[in-house]
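> Top to bottom, those sequences are chains A and B.
With our numbering applied, the first sequence corresponds to residues 239 to 657, in that order.
With our numbering applied, the second sequence corresponds to residues 18 to 325, in that order.
If you're looking for bench data, these hints aren't it; they were derived computationally from the structure.
Treat the hints with care, as some may be off.
[To be verified] The calculated lysine to aspartate or glutamate pairs, modelled on EDC-like cross-linking and capped at a C-alpha distance of 16 Å, are: (1) B:K34 / B:E105; (2) A:K651 / B:D228; (3) A:K560 / A:D546; (4) A:K345 / A:D276; (5) A:K655 / B:E235; (6) B:K245 / B:E222; (7) B:K166 / B:E235; (8) A:K637 / A:D607; (9) A:K515 / A:E422; (10) B:K161 / B:D42; (11) A:K655 / B:E250; (12) B:K199 / A:E422; (13) A:K311 / A:E339; (14) A:K484 / B:E62; (15) B:K141 / B:E62; (16) B:K290 / A:E408; (17) B:K161 / B:E62; (18) A:K538 / A:D609; (19) A:K655 / B:E69; (20) B:K246 / B:E235; (21) A:K537 / A:D424; (22) A:K634 / A:E595; (23) A:K515 / A:D424; (24) A:K426 / B:D317; (25) A:K515 / A:D428; (26) B:K290 / A:D428; (27) A:K484 / A:E456.
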Amino acid sequence: MFLKWKTNISLLVITILVLSFFLIKHLFSDKTGQIGRDNQKLDALFEGANHLRHFWTNGDYEGKYLRGEKTCKNNFGNLKEIWGDYLKCNPEFIKCILENEFPLTIKNFTLVPLKNAQGNILEIVSKSLQNLEGAPNYGVKMSLALEGEIGKNTLSFVLEDNCQEILLPERTYAFGPFKMDDIEKDFKWDNVGRKIYADRRMVSIRDIIEWADATHLENLISSKLREDSKLWPFPATFLTVDNMRKYCAFKGKKVLSAHVYDAFTFIPFNLDNKFPKRIYRSPYPWSKKSNDAWPYKMKKYDDYQITDEDCKNCYSQECVGKISINEYFKESVSWAGLFGVLGGIMEYLENPIHPRENLKASSKFFTGDSDWHALGIRAFWDGQGHNINHFDFSNKSPKNESEFFEVGFRCMKEIVKND
Amino acid sequence: MIKFLFFILFLLGCQNKVSTQGFFDELYPITFLTETFETVWPFEENNPISFENPTGTWITIFKFYAPKNQLEDGDHCLLYKIPLKEGEGILKIIKSINNVDCETAHFKKLGEKNILIDGISGLKAQLEMVKIPEKSFEEGLSIKIEFFKDKTKHAFSLPLYNYQGKGVGKTKFRDLPSPSFKILGFIDNQISMKSVSKPSYIGSELDTFLDNPESVCELVDENCKVTKKFDCEACRYGVNYILVPGCVGLTIKYCGPERCGYKGSPACIRGTKFQKNILDNCGPVLNIGLCQEDLLVTCDKSGALMCI
């Protein structure tokens, strides 16, 4: 009897103690908005990921790599000579950052990058390569972990590639060169309600190597190109049209169309009037006055001397050896943000109206007085090969016929909503 | 007596009430990972909403959608029981529900885990732009939740690190920057990632509109009604758009890398300004589409503008 009574008392005491514990815990629960330790780990991982995102979207935004204060093991060549935006959305640069800046300590947690099953620190993700749900058309996937807790606290994320895209302002545009006596018959179109994005720059050799390796088209890449990473920032000029289209499709895009190219390059004379009835346009992307532009002067005056500044606007045959083509790639930009518009490298364009006008011929293959150095003027390329037999320059063939005519390209995408 | 005491201990063990801190520690990973959320409340930036009526009822404040590649499939809910009297409100998280709304999940007791705090009143929630992470120069969306419990004011901020800029229901919110960052998942004891999930993308490199009707993701019928067959985000090689002349501003959408303007392909879009005066469907056609110069712009039987 006494034993039973004692047991009940003991159990009652235990129960009271347990109840008191819950009551005290309830009464003295945290009232601040601080996050718990596990979530601090999440936050630290996110900050690490965000740190990488800054380098991804802004390139070398502190300038330490471009100034040479920090270097990358993978050889970019002389970073001072290339354009800064080459480092944006560039997986090679992110690899360099992962090697240089990690392990990274954030909020007393040490973050380390993880390798995937294939031993790679980065993985290209694409809707056309994997079936990873929620993947972008193209991006890089990586994982960060907390040191000492690998496999337990790991954040995987994807950085999407949209650094090169530029949006075309919504307005009415004209297609083809300006003809004063035919202005009423100008072919006009508009992009109201449609988001049209084009790549700022032509697709680079680095982009093509990555794509070819990912899609088992390695044979497209010569060993010279593969080994010499100093060449990688430059436009890829050796593909056929078929492969250009495949590359853009891989990124969920299409090869840039001629009428969209014209819209990005002809300077609108009145930016305030988005829907003009008449669209006046200069054949030169850097000047509204055509008789101020140097190709015009060169045609008119025999003794015109091309300056370095001229070559930065339009890189003609005379510019080869005069200034580095890098300078032209850095500075030749149209009103809406496309680089390398006149001169430099020939560019293939899909032409939805005039199929025999699919090549921006203006390039270093032509002297400054050539008629090709004007917006809206296009030659024909059959897209199958790169010797002269594949091109139709009418009666305006280059004076020095090359064995290999380089043709670059860039991609575009369009988004239309059914609202 | 012993049975009674064990029953009390059993009840204590089963209860899913947690401390305020514990509650938000459970909610934090959910908002951290969520890509989209749904709400019927008209949130505006920095404009808190108070939840005062109808009293005594359960309402859904947010339904959060997790990344699709999480092993722990399902959506999560944040519900609130609006108090009849001060201090009778309850906040509740329902974890991992599938294809069901939050109220149904609550009343049918669905979900893998339910967590709640009670004794709440004066609940307010707002969406705000904050520096994410702290001291960063970039802004991101965050949910701020405030309430009174035991006469103390509590405030929690829940950053939506992985918010992909869509699916906010009635919320009026300024355009967010294009997301270039997507968290695929977080591996810890609770949440794991699928390595590679089931095939989900549609379209091949050879698809054309005429050859592959299965690649159409959005259709426009004769009454200009849009039918969504699947999310065009699932297109493997991008999306194409085809004008429907009788329906200004609407397009048929299909997957694939097909170019417009070529023979047998859809006409390229010339623009809204050129479609305004088309009152009827495919009449004497048509300068509203672009086709190569030796081709004719015409409509096919579905009303789509094609080049032949």
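> Tell me the numbers of any earlier hints that the structure contravenes, in ascending order.
Failing hints, ascending: 2, 6, 7, 12, 14, 19, 21 and 24.
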